[in-house]
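Given next are the chains, with one letter for each unit.
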Amino acid sequence: MRSVSITVCVLGLLLITATLAGFEQHTAAMAGPRSIIYDTRFVEAMSNVSRLLPDDANLVVSSNGAIVTYFTGHIATVPWSATSEQALILYMRQGGYLFLLAFENKTDVPELKAVFSSRGLKALESTFVQLAEYHTDFYVLHLYQLKPA
Amino acid sequence: MQEQSQTEVEKQSIGTSLFRVVNPRIADIAFLVLLVVLVMKYNSSISTYQVPISDGAAYLTNARNWLTNEPLYQIYRPPLISWMIAGVWAITGENWATVKYLSALFGFASAPVLYLALRRGKGAFFALGVVILTVLNSEVFFYTSQLLTEGLSLFFLLATLYFVKSEKPGYWSLAGVCIGLTFASRYPIALQAGMLALVESFARRNLRILTRAIATAVPAVAAVAIIVFLKTGTFQTALPKDTNFTFLLSPYYLLNSIVAWGWVFLLVPVVLILRSTYVNRYNWVFIAWFVFAILFWSANSTNFDLRYTIQFTPAVNFLALLTVETLARNNEPISERIRHFTNRVSSIADKIPDHPLRTCTFCGRKLRSNDRYCDSCGRQMSDSVNIMAPGRA
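So the sequence lines, in the order shown, correspond to chains A and B.
Using the working numbering, read the first sequence as starting at 1 and increasing by one per residue.
Using the working numbering, read the second sequence as starting at 1 and increasing by one per residue.
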């Protein structure tokens, strides 16, 4: 029976070793290599966006609302309740939003995936005027202004 | 007398453990090396961060709002990290790069606090083991390196542990302050901090630990809540969608336990069936900490995230290493312990009566032990009524 205790004890030490051995690999996988936190040109792009916006303007973003809010100094809202292009436009008109910052092919709202795809963004040009386009390390950002109804 | 002999048994059992065989100074030196490695790891990671994580950006915006006296961006965010950022910016000017090491500073400082808290009771080598497993846990390392509340809350929670484990009454008051600061750094973690004070007080049969902690925790918590209320006009601790609790516990944390804590988690169930785990009152706080925290987060019906495990990772690692320590001591074969455990469970099961235990003092009707009211006359029963448990009559 003593051998059972020794076996479990040795097994325990092996489990501890296995846990520590997985540290580097697991930590590296937690934020992928193309995570926004490693984007060296993102802050600069946000500075450029904020220069184009009037002081009191709020904007709608497809993703990363809190990060855009901090770096632009303008409240950026993700349109969680919108499920289509029409719903997005309605959301913006009803909320008094004039500006849309779209991350090409990236949105936090699954239903708007098609709207913010490369093809979907081209279709937005009938309702929006594109003010600027920025390329960061991992994203292409489009700043739009909503045309008057 | 009985208490004294129990303490001697505990000291003896700890004293013979594997982890006490190694010279503590070697463990101390290894711990200092670990700290150096940790500084290098944190620095190499954080220096590559160009943008804060999303929640971190919210704390930065809140900090700016506190500093400029504007309405808070997200009112449900705990304020301490934003206050600290605002404090730094008040001196240096606003720049996110100046504060990106802030959370890591507390994550790093958690290591010596945990080491010192455990070194006294379990020895340097055991403490070193728990600290290594904790600080080199991927969830702990990654999220404490981000500008989030994980590092702060872990630090203040471990400081609470350090103070409640102390013999000095003045430190028990500081434990209360740390509970308040845990609350300010991450609201729900204050429950774990409060649990530490409660269980340690119970385990040491010393109510003064709890009363002193409460005496300082309540004003600290109240002060935080009042300041936030004055700023926002309300006090909200989370988004309403994240506060749905249920008795149907989610298996999320158990299913992802290996991902969260690594393979050492497999040792935790082993230690929980060993009698010696419960005999040593030093361990109670860690058992309660782990059980309470995993039940709390599993009871949330909508909000699951492995980073919520960070604050009780030290408890998991403590229990895992306790398994190794207990088995390495090897003075009671594991089969004996399992037999003892099953005998104990059987003896408890045998004591559960399948017939009425007591009678109503008013009408004489036979009642079961858990009946609060008499079925016949409807009167409420007190605990003092005519208990006739088997073997006691």
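Warning: the hint list may mix true and false statements.
As the list claims (entries may be wrong) - Here are the simulated DSSO-like pairs of lysine-lysine, each with C-alpha atoms no more than 27 Å apart in a straight line:
#1 B:Lys-231 - B:Lys-241
#2 A:Lys-113 - A:Lys-147
#3 A:Lys-113 - B:Lys-231
#4 A:Lys-122 - A:Lys-106
#5 A:Lys-106 - B:Lys-231
#6 A:Lys-147 - A:Lys-106
Because the hints were derived from the structure by calculation, they are not lab data.
Verification of the hints:
no.: 1; hint: B:Lys-231 - B:Lys-241; in the structure: 23 Å, holds
no.: 2; hint: A:Lys-113 - A:Lys-147; in the structure: 22 Å, holds
no.: 3; hint: A:Lys-113 - B:Lys-231; in the structure: 38 Å, violated
no.: 4; hint: A:Lys-122 - A:Lys-106; in the structure: 15 Å, holds
no.: 5; hint: A:Lys-106 - B:Lys-231; in the structure: 35 Å, violated
no.: 6; hint: A:Lys-147 - A:Lys-106; in the structure: 23 Å, holds
When each numbered hint is compared with the structure, violations occur for hints 3 and 5.
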